[in-house]
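Read top to bottom, the protein sequences are chains W and D.
For the first sequence, the UniProt record's numbering assigns the number 1 to the initial residue and increments by one for each residue that follows.
For the second sequence, the UniProt record's numbering assigns the number 1 to the initial residue and increments by one for each residue that follows.
Note that these hints are calculated values from the structure, not bench results.
We treat Cβ as the ideally placed atom computed from N, Cα and C, and that holds for glycine.
Heads up, a few of these hints could be off.
Some residues of chain W that are not near chain D, with every Cβ distance over 12 angstroms (derived) [unchecked claim]: (1) Tyr-17; (2) Ala-24; (3) Arg-56; (4) Glu-105; (5) Arg-119.
Some chain D residues close to chain W (C-beta under 10 angstroms, calculated; not the full set) [as the list claims (entries may be wrong)]: (6) Pro-46; (7) Gly-48; (8) Leu-105; (9) Ala-182; (10) Val-210; (11) Arg-230.
Computed Cβ-Cβ distance ranges for the label pairs, DEER-style [unchecked claim]: (12) Gly-21(D) - Gly-107(W): 37 to 43 angstroms; (13) Glu-22(D) - Gly-50(W): 54 to 60 angstroms; (14) Gly-236(D) - Val-166(W): 29 to 35 angstroms; (15) Ser-86(W) - Ala-98(D): 37 to 43 angstroms; (16) Asp-166(D) - Asp-117(W): 39 to 45 angstroms; (17) Gly-44(W) - Thr-181(D): 16 to 22 angstroms; (18) Ser-86(W) - Glu-104(D): 53 to 59 angstroms; (19) Leu-30(W) - Ala-239(D): 40 to 46 angstroms.
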Amino acid sequence: MQDVVLALLVKAPSHGYDLRGRLAAALGPLGDELNPGQVYVTLGRLEKAGLVVQVREDVPVRGPRRRVYGVTEAGLARVGGWLGESAGPRADVAEFHLKLIAAAESGLADPVALVDDRRRELMGALAETQRAVLAYGTGAEPALLLEGVALRLQADLRWLEACGRVWAARTPRGGDA
Amino acid sequence: MTTGTGPALRAVGLTRTYGAGESLVRAVDHVDLEVPAGQTLAVTGPSGCGKSTLLQLLGGLDRPTGGEVWLGGDRIDHLGERALARLRRRSVGFVFQAYHLMHELSAAQNIELPALLAGASPRTARDRAAGLLDRVGLADRARHLPSELSGGQRQRVAIARALVNDPLVVLADEPTGNLDTAATHDILRLFGELRAAGQTLVMVTHDERVAATADRILSLRDGTVADDTRPAAGAGLGAMLAWKD
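One chain only, chain W, in its complex shape (with noise of 0.2 angstroms):
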């Protein structure tokens, strides 16, 4: 939560209510469950830790005053690691997509880089894998849990080849190779 937070703020300072709206956009119904102070108390432990810091307060014509928020340096340098690093194989469907989202708002990465990435790491797990299934007879014990895992990887990678065509539609490319 705090790295998808920050990532949304690099490209401009915003408040709570907007950050809270964009997430929500984003995660459509799986974003029902998201506690409106959520991303209010996500706000303060970044500024805690020195990630952000409140650059104004908007005093809209109706409804409260906002503060808005902007990324520090120390801040912009945790997004760009937490856009950089491994996803890691146990990273879930959700946590990837809001990091490929906060990649394109952000500019801070290209979304289509980070999904190939991700596939090459995916298939050489797969590939280690599959390996390990066909070195097993069918029925062992092993092999059933490697055929899970199996599986597992499989679903993540034909998901991943959906998020490479979204995105690659969405992302201008310069120059054809």
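Dock chain D against chain W, hints included.
What follows is chain D alone, placed relative to chain W:
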């Protein structure tokens, strides 16, 4: 199986278009690839990405509208029909999703046929077929008709047939597309044995698990190479257990 040190199979700027003008379709668009002898290449991608067309171009079943195909050091894309037919018989082994066995011939006869067509004596053809049936684990099914075999067994016969003329390269188009998991694993184990014996193999597959067994994976999108991966060793299978908290 391959003489010389170059790649067993190479494509340069390989292109296949259909139609013209507004309706021009680039099924394969400037694809470069190299398959070193003894390696397995998997070509993947969504349906319609051009992967089957690419395989047909590589095997001389279709002619490119541009670019070059080199098989074992010889350029083959501009060969005449007769030379190409000869090359397909002798230097390329094809494996198809739907097996394409001759229904009225026994397993052994299906395997012998391409050897006979390539000029082998009946006896040589018989011997080779017997050896290959043994190799694919079907020595006891030699006299069976395809209809008396399971899908996985039929595909193993088809693979034996593809190998009978000791081809430079085996080209397989969705070889496990009609098979269940257990039969797919059998075919992949067989491919593994062939690779260990030095056979060069190119397979088209939409199945990531099949592709993952290759030395190299080419992902096609709209006829072009979207990604070119060598599955690197991961963090080890032990790391997968740690995935779940």
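A quick look at each hint next to the structure:
1. Consistency note on Tyr-17(W): stated as away from chain D, and its beta-carbon is indeed over 12 angstroms from all of that chain's, at 33 angstroms minimum.
2. A cut-off of 12 angstroms between C-beta atoms confirms that Ala-24(W) is not in contact with chain D; the least separation is 26 angstroms.
3. At roughly 40 angstroms from the closest C-beta of chain D, the C-beta of Arg-56(W) stays outside 12 angstroms, upholding its exclusion from the interface.
4. Under the 12 angstroms C-beta cut-off, the non-interface status given to Glu-105(W) relative to chain D holds; the minimum distance is some 24 angstroms.
5. A cut-off of 12 angstroms between C-beta atoms contradicts the statement that Arg-119(W) is not in contact with chain D; the least separation is 7 angstroms.
6. For Pro-46(D), the shortest C-beta to C-beta distance to chain W is roughly 7 angstroms, which falls under 10 angstroms, so the interface hint holds.
7. Residue-level restraint check for Gly-48(D) is violated (minimum Cβ-Cβ distance to chain W is 12 angstroms; threshold 10 angstroms).
8. A hinted interface residue such as Leu-105(D) counts as satisfied when its beta carbon comes closer than 10 angstroms to some beta carbon of chain W; here the least separation is about 31 angstroms, so the hint is violated.
9. At its closest, the beta carbon of Ala-182(D) sits 5 angstroms from a beta carbon of chain W; the interface hint therefore holds under the 10 angstroms criterion.
10. The closest approach between the C-beta of Val-210(D) and any C-beta of chain W is roughly 8 angstroms, which is under the 10 angstroms cut-off, so the hint is satisfied.
11. The closest approach between the C-beta of Arg-230(D) and any C-beta of chain W is roughly 9 angstroms, which is under the 10 angstroms cut-off, so the hint is satisfied.
12. Checked against the hint of 37 to 43 angstroms, the pair Gly-21(D) and Gly-107(W) passes, with Cβ atoms roughly 39 angstroms apart.
13. In this structure the hint that Glu-22(D) and Gly-50(W) lie 54 to 60 angstroms apart at CB holds, the actual value being about 58 angstroms.
14. For the pair Gly-236(D) and Val-166(W), the supplied restraint of 29 to 35 angstroms holds, since their beta-carbon distance comes to about 32 angstroms.
15. Between Ser-86(W) and Ala-98(D) the Cβ separation comes to about 40 angstroms, which falls inside the hinted range of 37 to 43 angstroms.
16. Between Asp-166(D) and Asp-117(W) the beta carbon distance is about 40 angstroms. The supplied range of 39 to 45 angstroms therefore holds.
17. Judged by the Cβ atoms, the range 16 to 22 angstroms given for Gly-44(W) and Thr-181(D) is violated: they are separated by roughly 51 angstroms.
18. Separated by about 56 angstroms at the C-beta atoms, Ser-86(W) and Glu-104(D) satisfy the suggested range of 53 to 59 angstroms.
19. Separated by about 27 angstroms at the C-beta atoms, Leu-30(W) and Ala-239(D) break the suggested range of 40 to 46 angstroms.
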